[in-house]
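Which chain is which? The protein sequence lines are A, B, C and D, in order.
Taking the UniProt record's numbering, I'd label the letters of the first sequence as residues 1 to 314.
Taking the UniProt record's numbering, I'd label the letters of the second sequence as residues 1 to 314.
Taking the UniProt record's numbering, I'd label the letters of the third sequence as residues 1 to 314.
Taking the UniProt record's numbering, I'd label the letters of the fourth sequence as residues 1 to 314.
Careful, some of the hints might be misleading.
Since the list gives no way to pick one copy over another, a pair counts as held whenever it fits inside one copy or between any two copies.
As the list claims (entries may be wrong) - No more than 30 Å apart at the CA atoms, straight line, and that leaves these computed lysine-lysine pairs for DSSO-like:
1. K216 / K273
2. K230 / K310
3. K182 / K69
4. K99 / K282
5. K182 / K273
6. K230 / K282
7. K96 / K182
8. K296 / K273
Since the hints were made in silico from the structure, they are not lab data.
Keep in mind the model is a prediction, meaning the values are calculated, not measured.
Protein chains: 4
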Amino acid sequence: MVGAQARASSSLRRTLARAFSSSSISPFFHGIHVFQCPDSVGIVARLSECIASRGGNIHCVDVFVPEDKQIFYSRSEFAFDSTRWPRDVLESDFQKIGKHFNAERSIVRVPDLDPRYKIAVLASKQDHCLVDLLYRWQEGRLPVDINCIISNHPRTSNTHVIRFLERHGIPYHYLPTALGNKREQEMLELVEDTDFLVLARYMQILSGGFLQAYGKDIINIHHGLLPSFKGGNPSRQAFEAGVKLIGATSHFVTEELDAGPIIEQMVERVSHKDNLTSFVMKSENLEKQCLSQAIKSYCELRVLPYENRKTVVF
Amino acid sequence: MVGAQARASSSLRRTLARAFSSSSISPFFHGIHVFQCPDSVGIVARLSECIASRGGNIHCVDVFVPEDKQIFYSRSEFAFDSTRWPRDVLESDFQKIGKHFNAERSIVRVPDLDPRYKIAVLASKQDHCLVDLLYRWQEGRLPVDINCIISNHPRTSNTHVIRFLERHGIPYHYLPTALGNKREQEMLELVEDTDFLVLARYMQILSGGFLQAYGKDIINIHHGLLPSFKGGNPSRQAFEAGVKLIGATSHFVTEELDAGPIIEQMVERVSHKDNLTSFVMKSENLEKQCLSQAIKSYCELRVLPYENRKTVVF
Amino acid sequence: MVGAQARASSSLRRTLARAFSSSSISPFFHGIHVFQCPDSVGIVARLSECIASRGGNIHCVDVFVPEDKQIFYSRSEFAFDSTRWPRDVLESDFQKIGKHFNAERSIVRVPDLDPRYKIAVLASKQDHCLVDLLYRWQEGRLPVDINCIISNHPRTSNTHVIRFLERHGIPYHYLPTALGNKREQEMLELVEDTDFLVLARYMQILSGGFLQAYGKDIINIHHGLLPSFKGGNPSRQAFEAGVKLIGATSHFVTEELDAGPIIEQMVERVSHKDNLTSFVMKSENLEKQCLSQAIKSYCELRVLPYENRKTVVF
Amino acid sequence: MVGAQARASSSLRRTLARAFSSSSISPFFHGIHVFQCPDSVGIVARLSECIASRGGNIHCVDVFVPEDKQIFYSRSEFAFDSTRWPRDVLESDFQKIGKHFNAERSIVRVPDLDPRYKIAVLASKQDHCLVDLLYRWQEGRLPVDINCIISNHPRTSNTHVIRFLERHGIPYHYLPTALGNKREQEMLELVEDTDFLVLARYMQILSGGFLQAYGKDIINIHHGLLPSFKGGNPSRQAFEAGVKLIGATSHFVTEELDAGPIIEQMVERVSHKDNLTSFVMKSENLEKQCLSQAIKSYCELRVLPYENRKTVVF
């Protein structure tokens, strides 16, 4: 799912890295590397030897080899001296190891050198998730650049959001959808330069064509505890099922509705005293936390696909 | 769902009550009353006036009137002096009020005067729930009498359970089921004298005929977070769905498989590091707690049916 | 603790009630009544009879009589027709019952008739709780009027908050404290017209003199799981104690620092991977939820003092 | 804290390993290695290279380098072929690396080759934790051998436990303590051959002399959320403090009472409806889970000391 992220390693990044490493500021940086390849003997040894040989110091390693599968996943964090290990050499070092092990995925990020991930947020009428993301972003707790907001709802009532966006220079695109016109072509153009998309309670179903054309990851928040309560109005579904726990699920979007790999789930207790309104309010509180947690984990390269419908969340 | 409990008010109970109230022991008792009737003005007033007029002192009241429904539910706990308010008068006082309000349900229990609920526990091969129930029962934390254990599994391997049952004089009936012979007729005879049944991971589906013939409540534990993962092997279903939270659900048994009103649900976090075995182990831990909690609430008259598929759990 | 609320029953309220009850809008309202008095037989009967005699329909009752104490607490919700039971008659009816039972507390609220509670929010440098309160307030989820914000921090950096307050006409009072000058006299004047105060991470200790002069309830959020980690820098205290769970506590302010009756507590798991920064971030997330939950419960008359250091939270 | 475990690598273990590796059964085993040393470049590389060079395949690595400390912790799991990498060679390979990096700790375990950890369980009157441990042990869920139970309580009432122990050949030592005679010398002799001790609600304080003489790890369960509620009757302390969450804490025993490094903590919600009895019951449920979780983690070499009062729990 993070495959698309690899494409972001632009010339800009290399320029920046060079600029930094020749400047007078500290040459020590924090790098993250994730790796996925067929399992074999010696992968950890090779990766860690590579880091050590360049003077890098590993702070954190996570390795995961699913039972009875021949796949290897890892994520490493390490400190390195960019004068000894320039950003572009770091990149090519890991690429060589990737080739050696036939890696499906080998991605490096140096958060303080690389450009931040660029996202677009798609929303509809309910804007609690959108507002929460904007607040966390303003507080510096969501390490992304927000290219734009796209909504099929005019939001003329919530002038608060519109003013916030204006103040921060984030465009708000109002694309009212109609039967037979989901405005997906316009959306594609608007999100072309993003690294991934966030559906913050966007209530339209993106077509398979859109998913293929966009080609990068899309993270959705579903206001139900998947795989229960797929589709429309999950809070009402849960209310009518008489559940004693409600939940929210953040997941990757795939063609099959609400069936993509789950990244994070959260629950809260309900009782007979709760009505549909309080189900919705409790759910909204969960959705905000569950979505921002998923985005944060994703940006830190903690989320990897695993088999067909699963995720590794390091 | 507690309707069947009303039938337990046998002559024995009245005898006991009389015996107690004429004895030299303290005449103060703790009573519980639950009530369900069409909503109208003055129900709480009438019930509480009845208790007060007999010198009873209310310790706890719960009232629930669902939004947009014309139904009233209540549960009261009160202290009373059985010399001033004998057990049988108490019964008839509430029956009069029940008639007045066309109550669907008006049940009184005085735990220290009335006989304990009698149950039978149905189990299959997995006995973690059965063992947990027996342990809690032995510790005095499940206020029931266990008439018998019925299982379609011989349990020759677990001599521990068999010895425990022998020591406590609880019969263990081994009824191996076969295609076309679920032994339900024999089961019906064995459970005739019970107040409700507990399915402690009984892996056979009880027929509609059995449910009707038994006619009283049956509490099941399902090792999944209903309405997700109905039917067989819910732990495997959850594992394959890549969920990040697993759960257990205790619920009333109805003819529709795993769709009866939910009493209690509990969850625990899982991650990619969990395999099917640890899913099962975590689930078993939840199942034990969820089932015993449901039984305890039920015995305290806290669980009432609500609409079609819901429960009030006071 | 809600004693002070009684004083808010101003002439305005009566005027409003009269205006409403003579208007063409629906005369049906939702009332809340809380009661505390020495325990005796017949209290529920008398309260519910009063409501029923005026045609009121009880939707919800909570009664609590602590073990071995002779105190009675109740909270009732009921629907009533204000043409049959005008707001001022309602008030005097309950006052009579209060007198009869020597009630320490008998408070009625009709949220759609009575003025909203007026609060002031005190804050310091950290503004996550303040921002969260403002957002929930704007969304209509905190049923209060915010008279003003008082802070010992200029907040020149967070223009977002200042703009929000300007737009909504909420004064922001910057009262820098100094050794020996806590500006409490000015604060007292600013909060004179409020019903209760909220300390949204206000890092100054209010003097006993201030508490007495203000005389109404003050709700604080503490970023630790009281009674652990009282006083300064509880996140650091928790970090250094090596705990595996961190928490937040909302409580009433009393003269003894961080020892007032607890209203709500929430926890989150931490591990060796968490550093002080992530302790703080996780804590802030808890604080926001814990504080707004306490305010909401308080406004709904759910929070009552209980013994010396406890609360009933219906 | 697991330092003492190293001493268990007896000749027996090597004999067993040889026996197994020369037998006809599968020569593939699962090994665990934990390591702690001053931080430097290349540790992961060296460890993983060692495993790879012997054909071992790493399944799982956890590395932890605390911020601003120069310490390195790791835990690796790997599959290996004992014909290619005999148990004793494995041991000496890791010992060499330990020497190279001046390791404070380098412990290997091969659960299917090495003897199980031997423990003694100390208990007092309350036996819910003891019974729970015995049940989990019988189910094969606690990978230890129980050398004996020591108690300062005769347990004549609970014949269930005594019979269980007799059936399984586990000695029960009744050592009634008296003022000035804690029977510690006898206890020392009884536990001499154990790898660690478990205090399952043992209500006596072990002296510093005992701790030094025993010299290995001791795991305690405290029925409160440390560092709150140290010492006696923590449930009552919590009840009187009016908390809304209660907890249990498993921790290592040090000379300072209830202040040793915390391994695991669990919480449950309480309300004004809970009395001291239900505080105790909810607490007992937590204690059982919290203690067995700590023992399980410890046996899997997941628990390492960290600074003075903390633990790494991989």
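Taking the hints in turn, this is what the structure says about them:
1. Taking identical chains as interchangeable, the C-alpha atoms of K216 and K273 lie at most 30 Å apart only when they sit on different chains, with a minimum of 26 Å there against 43 Å within one chain.
2. With identical chains, the CA atoms of K230 and K310 are at most 30 Å apart both within one copy (17 Å) and between copies (20 Å).
3. In this assembly of identical chains, K182 and K69 lie within 30 Å of each other by CA distance neither inside one copy nor across copies; the values are 40 Å within and 40 Å between.
4. In this assembly of identical chains, K99 and K282 lie within 30 Å of each other by CA distance neither inside one copy nor across copies; the values are 48 Å within and 39 Å between.
5. For the identical chains of this complex, K182 and K273 are neighbours neither inside a copy (39 Å) nor across copies (40 Å), given an alpha-carbon limit of 30 Å.
6. Taking CA atoms no more than 30 Å apart as the test, K230 paired with K282 passes in both settings, with 18 Å inside one copy and 25 Å between copies.
7. Taking the closest pair of Cα atoms, K96 and K182 never come within 30 Å of each other, the shortest separation being 43 Å inside a single copy and 63 Å across copies.
8. In this assembly of identical chains, the alpha carbons of K296 and K273 lie at most 30 Å apart only when taken from different copies (16 Å versus 34 Å within one copy).
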